[in-house]
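Working from the sequences, and respecting the hints, build out all of it.
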Amino acid sequence: MLALIPLFPLIGFVINAALGRRLPKAISGAIASAVMVASFVVSVMSVLALVGLPLTERVMEQTVYTWIASGDFVVDLTLRLDPLAAVMILVVTGIGALIHIYSTAYMHEEVDSEFARYFSYLNLFAAFMLVLVLGANFLVMFVGWEGVGLCSYLLIRFWFKRKSAADAGKKAFVVNRIGDYAFVLGMLVLVVRFGTLDFRQLSSVVAALPPEQGMFGVVSIATLLLFIGATGKSAQIPLYTWLPDAMEGPTPVSALIHAATMVTAGVYMIGRNAVLFSHAPATMLIVAIIGALTALMAGTIGLVQNDIKRVLAYSTVSQLGLMFLAMGMGAFGAGIFHLYTHAFFKALLFLGSGAVIHALHGEQDIRNMGGLRRYLPITYWTFLIGSLAIAGVPGLAGFFSKDEILYETYHAGHWILWGMAAVTSLLTATYMFRLVFLTFHGERREDAHLAPLASHVHDAPPVMALVLIVLAIGSAVAGYVGVPSVLGGQNRLGEWLEPSFQPPGETVVGGGLQASVVETEAEAENAALELRLMAISSAIAIAGIALAAFIWLRRRDLAAAIATRFRGLYRLLLNKYYVDEVYDAAIVKPIRTGSEHVLWQGVDVGVIDGAVNGTALVVATSSSVLRRLQTGSVRAYAGSMFIGVIVILGFYLWR
Amino acid sequence: MIPLGHYLIVSAILFSIGTAGVFLRRNLITILLSIEIMLNAVNLSFVAFGRQLGSYDGQIITFFVIAVAAAEAAVGLAIIIALYRHRESLNPDAFTSLRW
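These protein sequence lines map, in sequence, to chains A and B. Numbers given in my numbering equal positions in the first sequence, counted from 1, plus 1240. Numbers given in my numbering equal positions in the second sequence, counted from 1, plus 1032.
By construction, these hints were calculated from the structure, which means they are not laboratory data. Each residue gets a CB set at the ideal place from its N, CA and C atoms; glycine is no exception. A hint or two may mislead.
To be verified - Have a look at the derived ranges for each label pair, beta carbon to beta carbon:
1) 1858/A to 1044/B: 42 to 52 Å
2) 1130/B to 1862/A: 33 to 43 Å
3) 1110/B to 1848/A: 46 to 56 Å
4) 1876/A to 1114/B: 17 to 27 Å
5) 1130/B to 1892/A: 53 to 63 Å
6) 1876/A to 1117/B: 22 to 32 Å
7) 1114/B to 1858/A: 33 to 43 Å
8) 1130/B to 1410/A: 19 to 29 Å
9) 1848/A to 1109/B: 54 to 64 Å
Take a look at the structure:
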């Protein structure tokens, strides 16, 4: 049954890829959406079956066939559903299905064949993502890992006639490839050291080892390499630069791939190998630091960007940074919880921005928007809910998950990282509401030459509106599966996920039951701390919103004044810390120069072409001498034959 | 009985005459005849060796050589006639158009 989950989208891909250009839009869109819904239904059934199992045995496996059998090293094409994978497949198929449905309305202006191409890519992406999530070992995961990279490339450059889109696709592919290379190396280290790539086997083997000290243990190096792979896929420092550029693709793609699913693969991979990473404290610290740095950096960039999708892209990078911070703190449940809530509100925000762009016929610059609240009420209200959720306003999804990350970080004693995360929260609230206020509030700025007349602005068509509303409800209530105990909840999600982060068969059931009096006291203290931190982070969220309201609603001139006052800083942020330029100068340019002068003009022209041309030259020169032997005279030939016979005979006789 | 050496000397003389003919004469028909002399020199030594060793192999080979020589003469003469019709000459140095 598990194999059906990725198989359905794959069937959709095959149909749309093979027959799509002959099918009308309604049918190809319906097929693509139907397979996703079917996959979602099967996922729900599988997860329900999983819930029925006892706590310690919550694993379902299906071995499709043995893929590689080489001596002792065997890799099966196995799919495995455990609590962690269950959360992921529900997110991927659920949000994925909604985005497919949304896309049928969003992409309706494309011609039939382009429309089918779009949906075939989308289906293929979903299939690969599900393989990634369900894979029971690194190699199967890697198939999905590479596959989503490919689909991301195909979808970013969907409008490949536009040069910027084609370039962005290439950039995403190449940057991802750097990470994938490290990922492969990490896998190799694991194979050489442990002889298996199966997640469960690796967990049990590693669990028997003591945690590694220092940086250079095998597990530390392997996990570090895997984490580099994750930075590529999940857009963390230093490989995050592709994600903002990926906004060249159609907006639902940004929602599906670059917010809700694919970019979370890195976080998921760390969660999947929680035991492995727990045994490499050095790597964990690096993960946490990189995550916090990325969160802060992307947040500051997001504050000044003017493209509605780019702001959201940097916000995605920032939120992913928070997830990695949680992972690095060992709070795997919190990271996955945030991944899950983030999928809802980020998909909602992207699809909402898609509705805005749709209504304005392709306008993406928020400086040319404003006052859209009146024309796009549904979009406005859903977008507002998404913004409140991501800002961490109490009661909505983002509050619970973000708060858990902040608490875990503080609780682990890393108050510098906590400070960075808190500042990030403030920035998140501010830039999100800057976006809301600039887009939907105030007066419509008609001086924008590209903006169409207000009369042409229309709210999201019914299909899109429906999806937005469903996602808005999700953003509002998704957090309630993980209400922390101090607020009277049980953190069901955390409990549900716990077995996935333990070595197989060693699940601690109800560890809290044996808590002694001392621990209870400590817990009470922790609860007080958690409540305090919760109050702080709520205050931060509201302060961020208030700040945004003050600047961009009341004193819009203030923003310009600040920008002029701190011109250097503003420039730095607007140009994204010049990271692209630095990479260009430090890596791309030297490689280009090296390729041109050494590899092209030296190796290719000199050695390779030289060898080929040299061979030809030798043949030509020697034959120009040798051809003089062909005189055409029969007697000369007879003479040479005679001399030859004499020489051979003489050789044998006088030897 | 005539010793083997005498036969071989005669055979060598005949072969040399033939070789000299091939190289020195400037008439294709004469060259063809010289080749026949060389072949017969070889035949002679085959037969002589066969007799010396008491086997018939030499004579059998000789029959083969005679048969091949007949065929060769027929083909060779046909070519010579064709060449003569083409160039009105029998000098081998006249036919060098297959040069590089």
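To test your reading of the hints: which numbers does this structure violate?
Violated hints (numbers, rising): 2, 5, 8; every other hint is consistent with the structure.
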